[in-house]
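Sequences are here, hints too, so could you generate the full structure?
From first to last, the protein sequence lines stand for chains S and P.
The opening residue of the first sequence carries number 154 in the numbering used here; numbering runs sequentially from there.
The opening residue of the second sequence carries number 154 in the numbering used here; numbering runs sequentially from there.
Treat each hint with caution, since some may be false.
Identical chains share a label here; the pair holds if one copy fits it or two copies do between them.
With a straight-line cut-off of 25 Å between C-alpha atoms, the simulated BS3-like cross-links for lysine-lysine are [what the hints assert, rightly or not]:
id, residue 1, residue 2
1, 185, 252
2, 222, 165
3, 187, 252
4, 212, 167
5, 167, 222
6, 212, 174
7, 157, 185
8, 196, 165
9, 178, 212
10, 174, 252
11, 212, 199
12, 167, 199
13, 222, 252
14, 174, 157
15, 187, 167
16, 185, 167
17, 222, 187
18, 185, 196
19, 178, 167
Keep in mind that the hints were calculated from the coordinates and are not lab data.
None of these values were measured; they are calculated from a predicted model.
Number of protein chains: 2
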Amino acid sequence: MRIKIITSERIKNKFAGEAIKEYTKRLTRYCKVKLSATNNIAKEIKGNTYLIKISSNGKMLTSEELAEKISSLGVRGNSHITFVYDNEHHIEDADFNLKISDMDIASDLLLIILYEQIYRAYRIINNEPYHK
Amino acid sequence: MRIKIITSERIKNKFAGEAIKEYTKRLTRYCKVKLSATNNIAKEIKGNTYLIKISSNGKMLTSEELAEKISSLGVRGNSHITFVYDNEHHIEDADFNLKISDMDIASDLLLIILYEQIYRAYRIINNEPYHK
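Below is the structure:
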């Protein structure tokens, strides 16, 4: 599985860069993750990808439900998932709109949560204990 | 206002320590925040505090609602708030049970989110733009 995370926000805090590096390292066992911080989100989205948009109007999932979604996409032959954090509303259509919390959370932190949830999803899919 | 954050989990990732340091620094303008990682949570809870427990069975609030809660506690003369992340369920009763997300989120990350939400609350209370 290839996972691309696209954000319209640059990373602002040093700790966020380090957290993303840490989760990227842990995820190498399970999938390829690529982060793209860009002003041109549409250009970064490949046509054949399953597109999940992080949105305050989206649907909340449990970690198990996100794991199930990632797993079933693989089974159905979708080998590419794109998560978009698009604060400036360039992207209208997505295959799924995902809400993380009712709270407004800083973009740096949302990115870390997303990485952590993808990592957690693969631990769930593989029946592995969660390594904190 | 004095805010105490008590957690039954030690901080596991370096980035989390750095994030907490960063938000603690930003919060010095608004309140005193003290973090306590302990196995004896009950001992750390002062009797006169307003107790908010982070709980997956709790109620979700928006950032504005949390700001309103913190603000109204101050007006009512509560000068002390305690947030508890009690993964081992030592604490039965709290004044409020707060759910952050339907997702299971690593304790390190929950702590960072909590700090960020307290900082965000004070920016909202003081009508200040949010500094990312």
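Here is what the structure says about each hint:
no., hint, result
1, 185 x 252, "within (23 Å within a copy, 31 Å between copies)"
2, 222 x 165, "neither (30 Å within a copy, 28 Å between copies)"
3, 187 x 252, "within (21 Å within a copy, 30 Å between copies)"
4, 212 x 167, "neither (30 Å within a copy, 32 Å between copies)"
5, 167 x 222, "neither (31 Å within a copy, 31 Å between copies)"
6, 212 x 174, "neither (28 Å within a copy, 32 Å between copies)"
7, 157 x 185, "within (8 Å within a copy, 40 Å between copies)"
8, 196 x 165, "within (23 Å within a copy, 37 Å between copies)"
9, 178 x 212, "neither (28 Å within a copy, 34 Å between copies)"
10, 174 x 252, "within (24 Å within a copy, 28 Å between copies)"
11, 212 x 199, "within (23 Å within a copy, 38 Å between copies)"
12, 167 x 199, "neither (29 Å within a copy, 35 Å between copies)"
13, 222 x 252, "both (14 Å within a copy, 23 Å between copies)"
14, 174 x 157, "within (14 Å within a copy, 30 Å between copies)"
15, 187 x 167, "both (18 Å within a copy, 22 Å between copies)"
16, 185 x 167, "both (23 Å within a copy, 24 Å between copies)"
17, 222 x 187, "within (19 Å within a copy, 39 Å between copies)"
18, 185 x 196, "within (20 Å within a copy, 45 Å between copies)"
19, 178 x 167, "both (17 Å within a copy, 15 Å between copies)"
In summary, the structure is inconsistent with hints 2, 4, 5, 6, 9 and 12 from the numbered list given earlier, while agreeing with the others.
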